[in-house]
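Undergrad: As a plain string of letters, each chain reads:
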Amino acid sequence: MTRDIDGEIQALLPLAPAFLHILIALGEGERHGYSIMQDVAERTAGRVKMSPGTLYGSIKRMLAEGLIEELTTGTAGADERRRFYRISKFGRRVAVAEADRLKSLLAQARESGLVPKRS
Amino acid sequence: MARTTLGERLYRILLRFYPGEFRDDYGREMLLAFRERSSHDRGAGAVLRLWAQLLADSIVRAPGEHLDVLRQDVRYAVRSLRRAPLFTLTAVATLALGVGANTAIFSVVHAVALRPLPYEAADRLVRVWERNEALSITGFAVSLPNFVSWRDRAQTIELAGWRSGSVTLRSTSEPVRVPSVVISPDYFSLVGATPLAGRAFVALDAEPNAERVALIRDSLWRSYFGGDHRAIGSTVTIGTTTHTVVGVIAEDSAPLAAEFYMPLRVDPAAEQRDNHIASVIGRVKPGYTYAQAQQEMESIAKQLEAEFPQSNKGWGIEMSTVYDWLVPEATRRALFVLLGAVCCVLLIACANVANLMLARAASRKREIAVRMAIGAARRRLVRQVLTEGLILALVGGAAGILVAYWSVPLLRQWLPDNLPRADETTVNGAVLLFSLSVCVVTGIAFAILPALAGSRGELIGAIKDGTRGTSSGGTRSRQALAAAQVALATMLLVGAGLLVQSLQRLQRVPLGFEPVNITTAMMGLPQDRFKEPGSAWEGFYKQLLDRLGSAPGVDAVALSSGAPFGGGNTGMPIKAVGESNIRDASLQTDWRMVSPDYFRAMRIPLLRGRYFAPSGGGEKDTLIVSATMARRMWGEADPIGRQILAGPNGKYTVVGVVGDVRNLDLSLTPAPTMYLSTTRFIWPTMTIIIRGDERTQAAELLRRTVRAMDPQLAVFNVREMTDLIDQSAAQPRLNASLIALFAVMAAVLAALGIYGVLAYLVSQRSQEIGIRMALGASRPAVLRLFLVRGVWLAAGGLVAGVLGSIAVSRWIGSLLFDVRARDPWTIAAAVGVVAVVALLASYIPARRATKVDPLIALRAE
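Chains as they are written, first to last, in our numbering: chain A, 1 to 119; chain B, 1 to 861.
It is worth saying that the hints were derived from the structure and are not from the lab.
All C-beta atoms in this analysis are idealised placements derived from N, C-alpha and C, irrespective of residue type, glycine included.
Do not rely on the hints blindly, as some may be mistaken.
What the hints assert, rightly or not - Between beta-carbon pairs, the in silico distance windows are: (1) Arg79(B) - Ala107(A): 31 to 37 Å; (2) Ile13(B) - Gly66(A): 29 to 35 Å; (3) Ala52(B) - Lys117(A): 35 to 41 Å; (4) Trp792(B) - Gly66(A): 54 to 60 Å; (5) Pro17(A) - Asp123(B): 20 to 26 Å.
Unchecked claim - So these bits of chain B aren't anywhere near chain A, every CB distance computed over 10 Å: (6) Leu32; (7) Asp41; (8) Asp152; (9) Val370; (10) Thr570; (11) Asp693; (12) Ser728; (13) Leu741.
Can you build the whole structure from these sequences, using the hints too?
TA: See the structure below:
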């Protein structure tokens, strides 16, 4: 009874932009909801500001898909009313796969001359 | 907690758009995120952007979350239903029966009673009749002079009149007899019918010297003229006059079912005001109400009564909508009783499925308790059971609609011919909408109880002790449901019992004649045959009857102006000459013109005096009366030789008294009837009556004989008398057989319900039974224990059912003939049947209880 992990990963691609943003935000460690929102805004220079609905709607779905995990106890010292999330092993693999997909897409775009080649 | 800002309060409202579970999980977090973001995002642009996002969340995201929850619920429900195939199959089959039967019956109700009439502004179309309360005449034909006066004076209503009849058409092909009308030219514009081809009538067509024109219905156009466009402009001969066909009228564009239309020409000088021969239809003019039109018509009738006391004394008007005329109230009532009955079946089916679900909920108690313990919200559990219910209802409903698709064509063949508009019964959009709403309502109806019962579980007890997690609440609901089923089944059985008895009595009613071996047919003679008095009889019919009478197998032949159950009636008020029970009053009396052998052919017994003599000479002013008429006029005195006054034709002398005959309807008591001899009176259209055995081949014999005498004459409406009588009982037969079918379905479903409840009880109490038996209880004692339980269960339902039957007796009473709606014997019989069924249904689980092995039952502890 082996899980077809690669198949499961491929089934999730391409990842919704919100999912990828959240995975990237959690790449460095666990965060609570607003902290994810803030991190995404900073990384995109304020261009992407998630609404609470988008954020928690995505979190709910990503939890269901097993991309992220909820921490059962908050990090020491943190506001204990907050719920914290971290990326799962599976989530990490999905993020890598998505990055590979984007990379190969970029390579194709360069190949065709659509995007200038790196000097 | 920080003080709540206006924005936060607003956001709390927006959060309400999300499903409860989602709010429970993330609401607080979202609020926190909102609070922090709104404290960072300052400046008009940022605030605007934030609120635009929040609003979009509630409009797009929140419904998405709802859908997501629904999808999960459906997936969960489907999975759990597939894990219990026996339960699912039983529930779906039960619902399919209930919904299917409802859909089929509703499709008939819709076609007959609910569908709007296909005429322009049909609710403003009315029929107008004359009535005379003193003579107890209602819904009577209108005299042409009265019609003309009405039409000239009425301001609130347009009126058109017609006279129905039939004509023999002669064109290029063989002569054909068709129903016809002479009709006011403006009838077609009044009802809003435009011709399919050609033109409708115009006012000029009714002028005395106008060219004779005619319209045909498209059925006749297709059958007789082969649908040829050259039919328009062609000529047809009726008797000695030639008519030009000017247009074709569509089948359903007008409420009148004639095939051949000619313009009505009224010469008021030549018509008599007391000769009631015409029918009148009207359209209430825009700006006026039905009541205003009725009031005006009544006041016009009063004026005419004052102006023409001789003919109009006591005559008023009567009005009804065309809808009430075409779809009589009695028909609608019968249909709604059927619909009520089939709804009872559905309710029973719902109760059964609810019971199944309750049993299932009880056995899933442990699963539910565990899910609640790990945090599933109660509201979600309730919704999941409701989702299961709705899925069952929709699948059952879809199967039910298939059942209806399959059964409606069968049902349509079974419907009485005289049920109006029933031939258009189909499972159409409106019917499907009805079925869909039935499904949704039933789904919620049968799932609500299990949903609540299931989630109310005693959490701890169920987890600790899964096997014995009995809920007394659930058991009580199940018993109440089973009792309700018994009650509904009892009501249906009472209804079925009453209708079946009513039908039997109707079919056993004495007719006053012997219908077996009688064939009737109609035929008419052209006008020129009537020029000499008596010429139609002496010159044609007498010979025809003689020829027919001598054919092999023929017992007797006769002629009449109307055979029993042939449709239509003729009657007039008569007065007595000399002493009588009615003194100066009139007696409304049905009359028929009959040939001398009529009574012998019909086998109507002679009670006194004699029949008409075979040779016409002596019967100029003689009369044969029915027993009822003799009794009403002269009581027990001998009526022979007494005289009456009838119409303008004067005095008649009674020469014979014959038995009463049911002429019109099985359920109507015979009216006073008198018979005039065809040797003096003959109508243009007469009915031939042939009594003969199977050698006769009456239809063929008649056609052959008539053709031999005059190839221009057509014979039509050939019918067996027994068929005519059967047709007259068709609606009661349909009511009785359908309700009996529903009652059987109800009884079976109720039996399943009782069986289910008891079987469940036995399985729940097997340990108790084991203990009892270990302590010495005998098997018969255990059997008795559960049988008594089942009978008690049924008893409550039986009492409720009897009360229910009494409560609805008013509705069913109007459908009954010669049976009281609260007939105690019928109620007792229904109670007996249901009690026996309940006992049988209890016996199987009760017997299983006696098979409990004390050792095994106790070891399970």
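Undergrad: Now look at each hint and say whether the structure bears it out.
TA: Results of checking the hints against the structure:
Between Arg79(B) and Ala107(A) the CB atoms are about 43 Å apart, so this pair departs from the stated range of 31 to 37 Å. In this structure the hint that Ile13(B) and Gly66(A) lie 29 to 35 Å apart at CB holds, the actual value being about 34 Å. Taking the beta carbon of each, Ala52(B) and Lys117(A) are about 40 Å apart, inside 35 to 41 Å as hinted. For Trp792(B) and Gly66(A), the hinted distance range of 54 to 60 Å is satisfied, since their beta carbons lie about 55 Å from each other.
Checked against the given bound of 20 to 26 Å, the beta carbons of Pro17(A) and Asp123(B), roughly 60 Å apart, lie outside it. Not every CB of chain A is more than 10 Å from the CB of Leu32(B) (nearest about 6 Å), against its label as outside the interface. Annotated as non-interface, Asp41(B) brings its C-beta within 10 Å of a C-beta of chain A; the closest such distance is 8 Å. Listed as outside the interface, Asp152(B) is consistent with that label: its C-beta sits roughly 75 Å from the nearest C-beta of chain A, beyond the 10 Å cut-off.
With a least CB separation of 20 Å from chain A, Val370(B) remains clear of the 10 Å interface cut-off, as annotated. The claim that Thr570(B) lies off the interface holds: its Cβ sits roughly 81 Å from the closest Cβ of chain A, which is beyond the 10 Å cut-off. Distance to chain A confirms Asp693(B) as a non-interface residue, since its nearest Cβ pair spans about 84 Å, more than 10 Å. The beta carbon of Ser728(B) is kept farther than 10 Å from every beta carbon of chain A, the shortest such distance being approximately 69 Å.
For Leu741(B), the non-interface assignment is confirmed: its Cβ lies about 51 Å from the closest Cβ of chain A, beyond the 10 Å cut-off.
Checked against the numbered hints above, the structure violates hints 1, 5, 6, 7; every other hint is satisfied.
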